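Spelled out, the chains give:
Number of protein chains: 2
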Amino acid sequence: MSRVYNFSAGPAVLPEPVLKQAAEEMLDYQGTGMSVMEMSHRSKPFQSIIDTAEADLRDLLAIPENYKVLFVQGGATTQFAAIPMNLMKAEGGVADYIVSGSWSKKAFKEAKMYGTANCLASSEDETFSYVPDVDAIKVSPDADYLYICQNETIYGTTYHKLPETGDVPLVSDVSSMFLSEPMDVSKYGVIYGGVQKNVGPAGLAIVIVREDLVREDVLPFTPTLLRWKTMADAGSLYNTPACYTIYICGLVFKWLKEQGGLEGIGKRNHEKAALLYDFLDQSKLFKGTARKEDRSIMNVPFITGDADLDAKFIAEAGENNIANIKGHRSVGGMRASIYNAMPVEGVQYLVDFMAKFEKENA
Amino acid sequence: MSRVYNFSAGPAVLPEPVLKQAAEEMLDYQGTGMSVMEMSHRSKPFQSIIDTAEADLRDLLAIPENYKVLFVQGGATTQFAAIPMNLMKAEGGVADYIVSGSWSKKAFKEAKMYGTANCLASSEDETFSYVPDVDAIKVSPDADYLYICQNETIYGTTYHKLPETGDVPLVSDVSSMFLSEPMDVSKYGVIYGGVQKNVGPAGLAIVIVREDLVREDVLPFTPTLLRWKTMADAGSLYNTPACYTIYICGLVFKWLKEQGGLEGIGKRNHEKAALLYDFLDQSKLFKGTARKEDRSIMNVPFITGDADLDAKFIAEAGENNIANIKGHRSVGGMRASIYNAMPVEGVQYLVDFMAKFEKENA
Chain F
3 MSRVYNFSAG PAVLPEPVLK QAAEEMLDYQ GTGMSVMEMS HRSKPFQSII
53 DTAEADLRDL LAIPENYKVL FVQGGATTQF AAIPMNLMKA EGGVADYIVS
103 GSWSKKAFKE AKMYGTANCL ASSEDETFSY VPDVDAIKVS PDADYLYICQ
153 NETIYGTTYH KLPETGDVPL VSDVSSMFLS EPMDVSKYGV IYGGVQKNVG
203 PAGLAIVIVR EDLVREDVLP FTPTLLRWKT MADAGSLYNT PACYTIYICG
253 LVFKWLKEQG GLEGIGKRNH EKAALLYDFL DQSKLFKGTA RKEDRSIMNV
303 PFITGDADLD AKFIAEAGEN NIANIKGHRS VGGMRASIYN AMPVEGVQYL
353 VDFMAKFEKE NA
Chain U
3 MSRVYNFSAG PAVLPEPVLK QAAEEMLDYQ GTGMSVMEMS HRSKPFQSII
53 DTAEADLRDL LAIPENYKVL FVQGGATTQF AAIPMNLMKA EGGVADYIVS
103 GSWSKKAFKE AKMYGTANCL ASSEDETFSY VPDVDAIKVS PDADYLYICQ
153 NETIYGTTYH KLPETGDVPL VSDVSSMFLS EPMDVSKYGV IYGGVQKNVG
203 PAGLAIVIVR EDLVREDVLP FTPTLLRWKT MADAGSLYNT PACYTIYICG
253 LVFKWLKEQG GLEGIGKRNH EKAALLYDFL DQSKLFKGTA RKEDRSIMNV
303 PFITGDADLD AKFIAEAGEN NIANIKGHRS VGGMRASIYN AMPVEGVQYL
353 VDFMAKFEKE NA
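So the protein sequences, as listed, match chains F and U.
Count along the first sequence from 1, add 2, and you get the number used in our numbering.
Count along the second sequence from 1, add 2, and you get the number used in our numbering.
I should point out that these hints are in silico values taken from the structure, not numbers from a laboratory.
In this text, all values refer to a predicted model and were calculated from it rather than measured experimentally.
Ideal placement from N, C-alpha and C gives every residue a C-beta, glycine not left out.
To give an idea of the chain F side of the interface with chain U (calculated C-beta under 10 Å), a few residues:
#1 S10
#2 K22
#3 E26
#4 E27
#5 M41
#6 S42
#7 V74
#8 Q198
#9 Y240
#10 R331
Ranges of calculated distance between the beta carbons of each label pair, as one might list FRET restraints:
#11 U:S142 x F:D61: 51 to 61 Å
#12 F:E128 x U:E18: 52 to 62 Å
#13 F:G262 x U:E213: 52 to 62 Å
#14 F:A236 x U:E128: 23 to 33 Å
#15 F:D30 x U:P184: 30 to 40 Å
Calculated lysine-lysine pairs in the DSBU-like style (CA-CA distance at most 30 Å, straight line):
#16 U:K107 x F:K70
#17 U:K114 x F:K91
#18 U:K91 x F:K91
#19 F:K46 x U:K22
#20 F:K108 x U:K91
#21 F:K114 x U:K111
#22 F:K46 x U:K108
Using the sequences and the hints given, assemble the complete structure.
Shown next as structure tokens:
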């Protein structure tokens, strides 16, 4: 077995100890005589798995008591609809969106199906290479919520400051920065994300929602399973959840605790990002594409400025144990996603390879 | 490692060779240097996994060319809403339902949110222990579809004859009988089910839908991801799907082919069911609860008639390597789910144990 350095933007690299444990427990989970895949979601062993996962997540993020944690299916994309369905007033819902990349743009478009959605600011004018100035934002007085995608995976930008929303709940898609460093949950109405970038395998989203936003009076045609109240009341077990995916996320939470929690992993993530950005900033060949002040510590897009050279780099990287370094199909170039499970050595290996490539192609 | 005989109604027993292969490939899938969990859903290896899974499923069920296969999240429960959203006329949708158990009842209730839903027949008068007479059904002339749940997991009944619907599409939830024996797909408009009973781990539903029912003009507030057209146009890759779950289902499809396809597994399933029903029919202690003509070959509920004795049986079974034999919390008693991956020896072991228990408690 030889493992590659996998810079995929998601689904993405997972901690090796987690995969090893999953493999070992595949046919017999802790003496139950069955795989977690085969386990009734109403059984004691599975109840313990989901309870422990939630408790560990609450520990890691220091989630206040008055927030519910929901394990749901359908990815962030389903929440693009569920958010307005759960939060918009039935008579004339209004929501504000900041559009800083493809994902917030998609969420904004979906919200229009359900009420008035305002785009307060957009960075599309410069290919989403920056985050709009949050100090210039004026939240609509009748807004049901303000929506942001806090880390845009494709363009490698992140909000280093949050917009002031007063009493209007802030809703944040954190898919590609989930659990990458500490965050103050109490500043948000809703934090949510797909887990397949930094937390676990694809097929699960986690919604962390303040209790007063878990409402009975959602838009009338909201499917039962898209109502946050359904999932909150049932402890995410209204129907059969993505049991095995929840189990793997639980193992990742345990691993994160062993890394010193979000403080520990956050420190390492900043070191990893600095390693790569420092190289990019002195390189004569490679160039980061996101505005410096808005750089993500998770997704690092870069280019040579020459599409043929980009292609050559991607091909040679692939031959040298560097997988999925190609940029998103919508923007081209390269992108290194350096999530929690990417070791420092992986980033160092990439930087060394880039330095060698630069020398050879000077 | 010691495995139990797991009679869970779902999530449920999976073929041991599938679990072994999954464990072996966990850290390095076929030389890619990564787990399937870590694989970009836009990568060639994953595209090959999902393409192969679909092709094998099409082979197994002999799915005609004019049917789409969709791999979706959210379980059958999300489809309870998606079905009326995709099939009901925007101006005054009408749907007919036969209510033969808890699952069709839930689906019926959900449909009422979206238009007129008619209950054509129900077997609730006798605790859903039988399937209503399909010959007595008269489909509404303006119905957008007729809905059935073809095998009710909790009550252990199955339709051995389908209702005649003429031009009205027949929609069938086959969750707990999926791939248990051959079926004629061309008789249906939509066949769908959660995979967590007979096909794979929880977190995926499969929708097999006739092309003309994959429509653009769905109900206007239908979330993008719940529109079948979204998933059909994107080959189930509009957003990140439940990749690992699809991979496991793919392994199960290969295993099914090795068992002689649905003919082979169907023959074995009928043998397994006969073993258990024959014992029940001669037993003086145990009694099957479903009407004989409507018995399921997958889910076999039974009772002693004495709740204390039921509890004693369940406890002793648990001590003797028989897991999850307890009936659904809504009906009590016992239930043996004897899905594809339950070996004949497992059913024989159960029957022997029941005979011993009967003798000891005569």
